Amino acid sequence: MKALDRRTVLRGLLGGAVVSLALPPLEAMMNRSGTAWAGGDAFPKRFGVFFWGNGVLPERWVPAAEGASWAPSPILMPLAALREHLTVVSGTRVATLNTVPHGSGPAGFLSGDNMVSNAFTRPSLDQLIARTVGSETRLRSLETAVQQTTTSLSYADAGQRNPSESDPRALFNRLFGEGFRAPGEMGMADPATGLRRSVLDAVTAQGTSLRSRLGTADQRRLDQHLESVRGIERQLQRLEENPPNLAACSRPMMPPESVPDLLGRPDMATRSRLMSELITMALACDITRVFSHLYSESVNNVLYPDARAGHHQLTHDEPGEQPQVFAILQRIMTDMASFLDGLRRVPEGDGTLLDHTLVLCMSDCSFGRTHSLDDYPILLAGGRSAGLRRGVHLRARGENASKVSFSILQMMGVRAAEFGVGNGRVTDGLGGLTA
Amino acid sequence: MRRLLPIALIALSLGCETAPATPDAGMDAPPAPPPPPFVPAPVTLRRLTQSQYANALHDLFGEAVVVPRALEPDLVREGSRAVGASDTSVSARGTEQYQDAAYAVAEQVLRNPERRAALVSCAPSGPGDMTCAATFARAVGRRVWRRPLTEEEVTRVASLTARAGTTLMDFHRGAEYGLAALLQAPDFLFRAELGVDAMARMGERRYAGYDLAARLSFFLWDSTPDDALLDAAQSGAIDTPTGLEREVDRMLQSPKARRGLRAFVSDWLQLAKLDELSKDATIFPSFSADLGASAREEVLRNAEALTFDRPADFRDFFTSRETFVNRRLAAVYGVQFPVREASATQFERVTLPSSTPRRGFLGSVAFLALEAHPVSTSPTLRGRFVRESLLCNTIPMPPVNVNTAIPAPSPALRTLRERLGAHVAVASCRGCHAFIDPPGLAFEHFDGIGRYRASDNGVTIDASGALDGRPYRDAAEFAAVLHDHWQLPECMVLRAYRHAWGQLESPRQREETQRLQERFIASGYQLRALLREVALGENFRRAAPPALTPDGGTP
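Taken in sequence, the protein lines are chains A and B. In this text, residue positions in the first sequence follow my numbering: the first is 1, and each later residue adds one. In this text, residue positions in the second sequence follow my numbering: the first is 1, and each later residue adds one.
Bear in mind the hints are in silico, worked out from the structure with no lab data behind them. Heads up, a few of these hints could be off.
[Stated by the list, open to error] Below are the SDA-like pairs computed for lysine to any residue, each with C-alpha atoms no more than 20 Å apart in a straight line:
{"id": "1", "chain 1": "B", "residue 1": "K273", "chain 2": "A", "residue 2": "R238"}
{"id": "2", "chain 1": "B", "residue 1": "K273", "chain 2": "A", "residue 2": "T149"}
{"id": "3", "chain 1": "B", "residue 1": "K273", "chain 2": "A", "residue 2": "T150"}
{"id": "4", "chain 1": "B", "residue 1": "K273", "chain 2": "A", "residue 2": "A71"}
{"id": "5", "chain 1": "B", "residue 1": "K273", "chain 2": "B", "residue 2": "E78"}
This one's a predicted model, so the numbers in the text were calculated from it and none came from an experiment.
The task is simple: from the sequences and hints, build the whole structure.
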């Protein structure tokens with residue numbers, strides 16, 4: 001822990017920054033809203049998306065039995081140990097237009113609308129939730145990927161996609177680098193912080209004067225940028241405050257500078273483990289309460305170990321039962337199970353981080369070979385504090401998948417009368433999904 | 001004079017359900033009615049692309065300045081970053097990255113005595129010298145924002161600079177905050193070329209002065225205007241025909257024009273995807289992580305040579321046996337590298353052997369490896385690229401709920417051509433695949449990384465076919481057929497238009513694209529002449545006012 005000398009304090013005050021000192025224990029036990037953390041389920045509710053591209057093999061995805069007596073299907077076997085924390089929702093269909101293979105499914109399910117110009121036309125589910133639950137944290141939401149890509153399924157607004165971070169070291173630096181303090185660590189007053197905020201004020205003032213001269217669509221784009229600028233102002237403010245005293249929060253290990261390929265193939269398992277640890281700690285430290293995590297992107301052609309072609313090519317070209325596609329899905333489920341199990345291993349109050357995190361696990365179509373959006377593969381995990389009915393297989397044949405999205409909004413406390421437009425529009429959730 | 005059938009009409013006739021997909025028009029342009037008068041599209045705000053951002057910082061502060069590479073990704077819309085730039089914003093993460101980059105650059109610039117001297121012309125009387133801060137803000141602001149600052153803006157940046165100087169007890173440390181503000185402002189990150197009301201044309205905007213300077217420099221240099229261009233904007237010289245011509249010719253003679261060309265060619269041929277090139281190293285031992293970058297450099301050098309060094313008919317880009325290779329590419333192409341001791345980044349000019357059908361861009365690793373699978377070729381991907389990127393044909397999305405599987409190799413279906421043939425026998429697939437696959441099959445002599453092969457699965461390769469009615473026996477003859485295809489120059493013009501305007505053309509702008517095409521053809525297909533024609537054209541200086549919709553919703 002670093003000591004503050006008198007001069008630093010003085011410069012800090014001059015720079016307009018708040019000087020942080022060790023706080024008395026009482027205050028350190030409180031969160032920013034002043035409600036106590038220690039009260040078990042007063043822990044914040046988190047939400048996240050875990051996505052993989054190229055669909056599933058529906059016949060080996062959907063569990064045979066329904067209700068509470070379900071047993072994991074062949075593809076879901078790697079998740080068997082988490083069975084009590086999972087809810088499989090099968091049988092729903094994405095009702096919006098299926099015009100963009102691999103694109104229309106996520107757009108319809110997460111935004112409730114058709115895909116236009118290869119983009120969502122409305123904010124995605126995670127961003128709708130972030131508007132409600134993301135205002136207190138340093139980052140309103142976090143977008144990440146295992147595969148090396150900047151694409152994501154997170155849209156702040158029509159066409160405005162939030163890029164993913166797929167470099168573990170870069171993500172570590174962003175979350176736990178300069179400025180981060182684990183609970184109890186004393187802050188160094190930095191005059192730069194106050195000055196940086198003044199700079200952002202000037203940037204906002206410039207934006208405001210530019211705005212009036214723009215057309216409507218450009219105003220929206222500029223508004224999005226200025227909203228992002230306010231986002232960093234808030235980050236600077238949060239960094240000056242004392243971190244919430246969450247027992248499970250600690251500075252994670254710094255990941256290696258790069259993750260080397262194995263025989264020319266990406267080491268997805270290692271990349272997944274590193275990203276999972278960082279996301280988990282970002283939640284445990286309450287740096288964010290919303291994430292959108294892309295294991296692999298739509299139409300990805302990742303070469304997995306032992307596969308004789310890229311993932312997407314195999315989904316179309318592999319004949320018969322598609323044993324290689326099956327093996328790839330099992331690998332993805334194994335890494336997904338590790339991620340969820342990592343959340344379960346973090347104790348929070350009388351439960352775990354997984355209890356306080358609702359995770360929506362999904363892909364871009366049901367059967368990769370045909371790009372079908374019937375019987376859409378949906379798996380919900382954790383979410384005890386959100387009121388998810390867990391440990392069941394809910395067979396909702398023919399129901400609009402948007403109802404699941406609407407239920408998620410409700411569970412996360414978002415006040416909304418409807419979700420989606422056109423065929424994607426619903427005004428109620430899916431029966432039987434909440435406890 | 002030949003009239004051109006708008007490409008959109010041809011695309012309409014192509015349904016996946018309806019064969020034949022090949023236009024009957026063949027290689028010659030069908031007659032088309034004269035276009036209606038040009039109607040400009042509304043002005044739009046364009047965000048700097050990644051390359052424009054880096055180029056601008058290098059031009060402003062010196063090549064040695066290190067610009068962070070982790071930046072908001074470009075949006076690719078309709079296959080173009082230039083079009084995407086008119087549609088994208090800055091995400092929360094991107095704003096953080098611009099902030100980090102701004103401070104990193106400001107620090108490098110203002111803590112280096114030489115660079116600092118070029119930016120701060122006054123000697124500060126103290127850490128909070130407001131007069132010197134205003135001088136700094138005025139001079140640097142004009143260069144960074146590509147226009148003079150208003151007095152209010154000067155005061156805003158200067159007081160920030162002076163206050164930071166006072167806090168940090170160092171004027172130049174304070175100036176870092178002033179510069180960081182200039183670099184994070186939307187006035188730098190976005191191109192707010194909004195024009196002024198045109199006197200001559202009611203209800204239109206006109207690009208003049210600083211707006212025009214920025215528009216020209218981002219088009220021709222992929223970067224911010226230099227001082228000479230800003231001075232020509234200030235004096236009004238740029239708004240006279242001779243002054244404009246002088247500036248455009250000066251810009252085309254500058255080495256920076258090569259960057260502009262590289263940006264155009266990279267966007268047109270989607271060369272950025274080479275960064276993510278991934279191949280199974282067990283199948284392709286000559287694959288290496290830097291092969292993609294080498295392949296891109298080869299293509300860009302060829303484009304530069306044809307445009308600037310030995311100006312020639314740009315269609316030779318597709319037929320030439322001359323190319324630039326480094327050691328890696330020489331190994332893939334099976335040619336002797338002419339220099340004994342050479343680093344991996346050294347490129348040399350070579351002539352490809354006539355014994356293989358490898359010709360021009362479509363014989364390059366950039367095309368052959370990118371438009372393929374990690375383990376094999378893909379005639380469908382290669383054919384789609386030729387159709388969409390080189391001929392500007394429109395291909396509908398594949399239908400859903402159909403079996404997309406290609407039959408496995410069997411004694412009856414040995415080669416990929418035979419297996420794809422079975423696929424095309426399915427009616428719902430035939431319409432599109434009969435249009436897409438044949439041009440791709442012309443390249444079956446080159447494997448998934450671009451190495452020549454004579455056979456596939458033990459069977460001698462048949463690369464013959466016909467492109468819109470003109471037959472070819474192999475990729476070399478295909479290149480010659482493409483060279484003379486009427487849609488190739490038309491498509492190049494459309495790509496140049498999208499790059500320059502940052503918008504998709506609509507029928508209302510066809511008069512301009514048709515004019516450009518006629519001039520391009522008249523110049524003997526010189527790309528430099530096309531770029532010059534775009535920049536000097538009156539329509540490049542016209543725009544409609546910003547579009548206002550009452551609900552602010554998406555169209």
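Hint check:
no., hint, in the structure
1, B:K273 with A:R238, "violated, 38 Å"
2, B:K273 with A:T149, "holds, 11 Å"
3, B:K273 with A:T150, "holds, 12 Å"
4, B:K273 with A:A71, "violated, 43 Å"
5, B:K273 with B:E78, "holds, 15 Å"
Checked against the numbered hints above, the structure breaks hints 1 and 4 and satisfies the rest.
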